[in-house]
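Once you have looked at the hints, place chain U on chain X.
As they're listed, the protein sequences go chains X and U. Quick note: the first sequence, position 147, residue 147 per my numbering, numbers continuous. Quick note: the second sequence, position 217, residue 574 per my numbering, numbers continuous.
Since the hints were derived computationally from the structure, they do not count as laboratory data. Computed from a predicted structure; not experimentally measured. In this text, a Cβ means the ideal position worked out from N, Cα and C, and glycines have one as well. Keep in mind that a hint or two might mislead.
[Unchecked claim] In silico DSSO-like pairs for lysine-lysine, Cα to Cα no more than 30 angstroms straight-line: (1) U:412 with X:225; (2) X:225 with U:490; (3) U:588 with X:225; (4) U:505 with X:351; (5) U:490 with U:505; (6) U:482 with U:505; (7) U:546 with U:482; (8) X:129 with U:482; (9) U:466 with X:225; (10) X:347 with U:505.
[As the list claims (entries may be wrong)] So, partial list: chain X residues that the calculated Cβ filter (under 10 angstroms) puts toward chain U: (11) 152; (12) 196; (13) 200; (14) 201; (15) 202; (16) 203; (17) 212; (18) 218; (19) 222; (20) 344.
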Amino acid sequence: MAGPALIPAGDFRTSYAADTTIFPTTTSRNFAIAGVALLCLAPQFFSGYWLSILIQIGIFSIAALGLNILVGFTGQISIGHAAFFLLGAFTSAYISNNAPIPVFFAIPLAGLVTALVGLIFGIPAARLKGLYLVIATLAAQYILLDFFSRAEWFSGGSVPASAEPFSVFGYTLRGDRQYFYVVLAYVLLSYILVTNLMRTRDGRALVAIRDHYLSAEIMGINLTKYRTLSFGLAAFFAGIAGALYAHYQLVVSQEGFGIERSILFLAMIIIGGTGSIMGTLMGTAFVVLLPESMEWISLHLKGGAIDKALSLNTNITFLREIAIGVIIIAFLMFEPDGLAHRWRQIKAYWKLYPFSH
Amino acid sequence: MATSLEVRGVSLRFGGVRALTDVSFAIREGELFSIIGPNGAGKTSIVNCISGRYKPTEGQLFYQGRDITGLTPNARASLGIGRTFQNLALFHHMSVLDNVMVGRHHLLKNNFLTGSLYWLTGARKEELEHRRKVEEIIDFLDLQSVRKATAGTLSYGLRKRVELARAMALEPRLILLDEPMAGMNFEEKEDMARYIVDLNEEFGMTVVMIEHDMGVVMDISHRVMVLDFGKKIAEGDPATVLADPHVRRAYLGEEDEVLVDPDDASHAQESAA
Chain X
1 MAGPALIPAG
11 DFRTSYAADT
21 TIFPTTTSRN
31 FAIAGVALLC
41 LAPQFFSGYW
51 LSILIQIGIF
61 SIAALGLNIL
71 VGFTGQISIG
81 HAAFFLLGAF
91 TSAYISNNAP
101 IPVFFAIPLA
111 GLVTALVGLI
121 FGIPAARLKG
131 LYLVIATLAA
141 QYILLDFFSR
151 AEWFSGGSVP
161 ASAEPFSVFG
171 YTLRGDRQYF
181 YVVLAYVLLS
191 YILVTNLMRT
201 RDGRALVAIR
211 DHYLSAEIMG
221 INLTKYRTLS
231 FGLAAFFAGI
241 AGALYAHYQL
251 VVSQEGFGIE
261 RSILFLAMII
271 IGGTGSIMGT
281 LMGTAFVVLL
291 PESMEWISLH
301 LKGGAIDKAL
311 SLNTNITFLR
321 EIAIGVIIIA
331 FLMFEPDGLA
341 HRWRQIKAYW
351 KLYPFSH
Chain U
358 MATSLEVRGV
368 SLRFGGVRAL
378 TDVSFAIREG
388 ELFSIIGPNG
398 AGKTSIVNCI
408 SGRYKPTEGQ
418 LFYQGRDITG
428 LTPNARASLG
438 IGRTFQNLAL
448 FHHMSVLDNV
458 MVGRHHLLKN
468 NFLTGSLYWL
478 TGARKEELEH
488 RRKVEEIIDF
498 LDLQSVRKAT
508 AGTLSYGLRK
518 RVELARAMAL
528 EPRLILLDEP
538 MAGMNFEEKE
548 DMARYIVDLN
558 EEFGMTVVMI
568 EHDMGVVMDI
578 SHRVMVLDFG
588 KKIAEGDPAT
598 VLADPHVRRA
608 YLGEEDEVLV
618 DPDDASHAQE
628 SAA
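So here's chain X without its partners, still in its complex pose:
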């Protein structure tokens, strides 16, 4: 058990309030605050390339967080998450283009619309389990994608829809440096909200359904309501993330948001740790950084024997896909609880070092 061992000796709680904090110790809280402060300085020090990576991690981690509510905490599954992401993107672009609503309000509005659609798809899905649920969510993915290609008024059809840049009360943010803070604020807000959700009534109800749905029902939990709600919440965060992505890219296209993106979202939470909030962030960072590090490695191997044997430069795109597949399999086999669990073990090891026995 890594949990109790991580609480320092002599750290006694004298009230229930002190025992229900987000962070286990004051030090860990201070480290998190320092981390956020450092991130606030990031635009000053990072080049455009690294900043865009950070923004991508931020946006995708919000979507992955939504999926983790559904998969990690409620024990449902969805392979249609990318479609909800895309729905949020199109909706926000559509609202800000066609209504006198600034982007600032269009983003949460897009989240709500996506949540509503998620709830509708969740109603039949809440009655299904296992493989049948996988197929139902697959249907959601294709129904939504088909809608996007047909509804030209909404998505521009085959032409990518344009989205306005982020604006608040007449002031328009331009460039990655400024947009970074928008994403950072959304990431912080989403993660705090979900952390709170998971330590209150409805969050516990979701986890109870995951662990033992029959006894959850006997404990007074309405299974259909909470399974549907879980779909709604997952879609909400996917929608928010999609909307953020739309106003970051300034165009929205279906390109790259097929089923493979849905599976990539699943990969993020599996690698990070299903049912772990911080793990979601780690997993997203891992999946976003993986292709970049592959690129970096192949650059350094250029001209060497490995490069010649595998012809890295021409095959790099395939190798990336393979690497993600291999890593998912490796995580499922060797670390099914993901990076979050590995991180806890590392902390436990250093806490007791050098007297680990």
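Coordinates of chain U only, in the frame set by chain X:
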């Protein structure tokens, strides 16, 4: 005394299998009522009908005068019917504390919106108030040392106790205990029996218990019902039920008088000497 639960002519069939046939009984408010019978007699089936896991094929159930036959299990929980399971049904990856907190689901008011806004909506205050109530239950069942442990890592006896804590957290008026002492050693059984008596006397809950340990059943129950092949064969106070020849034949087993009767045994010894 007022009637807590009335089961009226309940039958339960799974295809051709008759799990229960026309079972009727009434449990009075504040009673400790035991259901006994051989394996497969339909004891758990009747508890499942009461808690809402099964819908009876025929018959009706009344709880505090209200027809609950058509209600879902979660609606019955909100009315104050709690239960434990024969085979452990804890939330394995949650802490003991969270397991018990889930029991307070229908008593808590915060939802996904107010819960997410924790500090702003009073959800924090409400959670802490209920935490205090949960700690009282943890105190009562002596679970303090394991409250932060993951439920799945606990020993069998402790898990049974956590399950009782979770059912208690619902603040039920009627609590259904499905074999609360199965697989326990003598000391654990003693503790559990004490807890059950306390539930009944101190907390004023009406208790329905399925149990195979006849010693415990005879000692603590007010009334006993015996099922055999899905039919009720006896009901009454423990001594009457124990003496009933039908019950002896079906469940307790008839005693071999020559070997067991102490008077006869002593006579035999005397004559031998």
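Now for the hints, and whether the structure bears them out:
A threshold of 30 angstroms between alpha carbons decides the hint, and for residue 412 of chain U with residue 225 of chain X the separation of about 21 angstroms falls inside it, so the pair holds. About 26 angstroms separates the Cα atoms of residue 225 of chain X and residue 490 of chain U, which keeps this hinted pair within 30 angstroms; it holds. For the suggested pair residue 588 of chain U and residue 225 of chain X, the alpha carbons sit about 37 angstroms apart, so the restraint of at most 30 angstroms is broken. At most 30 angstroms may separate the alpha-carbon atoms for a hinted pair to count; residue 505 of chain U and residue 351 of chain X meet this at roughly 20 angstroms.
Our distance criterion of 30 angstroms between C-alpha atoms is met by residue 490 of chain U and residue 505 of chain U, whose separation comes to about 16 angstroms. Taking the CA atoms of residue 482 of chain U and residue 505 of chain U, the gap is near 21 angstroms; set against the 30 angstroms cutoff, the hint holds. Only pairs whose Cα atoms come within 30 angstroms are accepted, and residue 546 of chain U paired with residue 482 of chain U is rejected, the gap being roughly 38 angstroms. Between residue 129 of chain X and residue 482 of chain U the alpha-carbon distance is near 36 angstroms, which puts this suggested pair outside the 30 angstroms criterion.
Taking the CA atoms of residue 466 of chain U and residue 225 of chain X, the gap is about 16 angstroms. The hint holds against a cut of 30 angstroms. Proximity of residue 347 of chain X to residue 505 of chain U is assessed by CA-CA distance (about 19 angstroms); at most 30 angstroms being required, the pair is judged to hold. Because the closest C-beta pair between residue 152 of chain X and chain U is about 36 angstroms apart, greater than 10 angstroms, the hint is violated. The interface hint given for residue 196 of chain X holds, since its Cβ lies 4 angstroms from the closest Cβ of chain U, which is under the 10 angstroms cut-off.
Because the beta carbon of residue 200 of chain X sits about 3 angstroms from the nearest beta carbon in chain U, less than 10 angstroms, this interface hint is met. With a cut of 10 angstroms, the hint placing residue 201 of chain X at the interface with chain U holds, because the nearest CB-to-CB distance is about 4 angstroms. Contact between residue 202 of chain X and chain U, as hinted, is supported at the beta carbon level, the nearest pair being about 4 angstroms apart and thus within 10 angstroms. For residue 203 of chain X, the interface hint holds, since its Cβ comes within 10 angstroms of a Cβ in chain U; the closest pair sits about 7 angstroms apart.
Here the hint on residue 212 of chain X is kept, as its CB sits about 5 angstroms from the closest CB of chain U, short of 10 angstroms. About 5 angstroms separates the beta-carbon of residue 218 of chain X from the nearest beta-carbon of chain U, less than 10 angstroms, and the hint is met. Nearest Cβ of chain U to the Cβ of residue 222 of chain X: about 5 angstroms, under the 10 angstroms cut. The hint holds. A least Cβ separation of about 13 angstroms between residue 344 of chain X and chain U goes past the 10 angstroms threshold, and the interface hint is therefore violated.
Violation of the numbered hints given earlier is confined to hints 3, 7, 8, 11 and 20; the remaining hints are satisfied by the structure.
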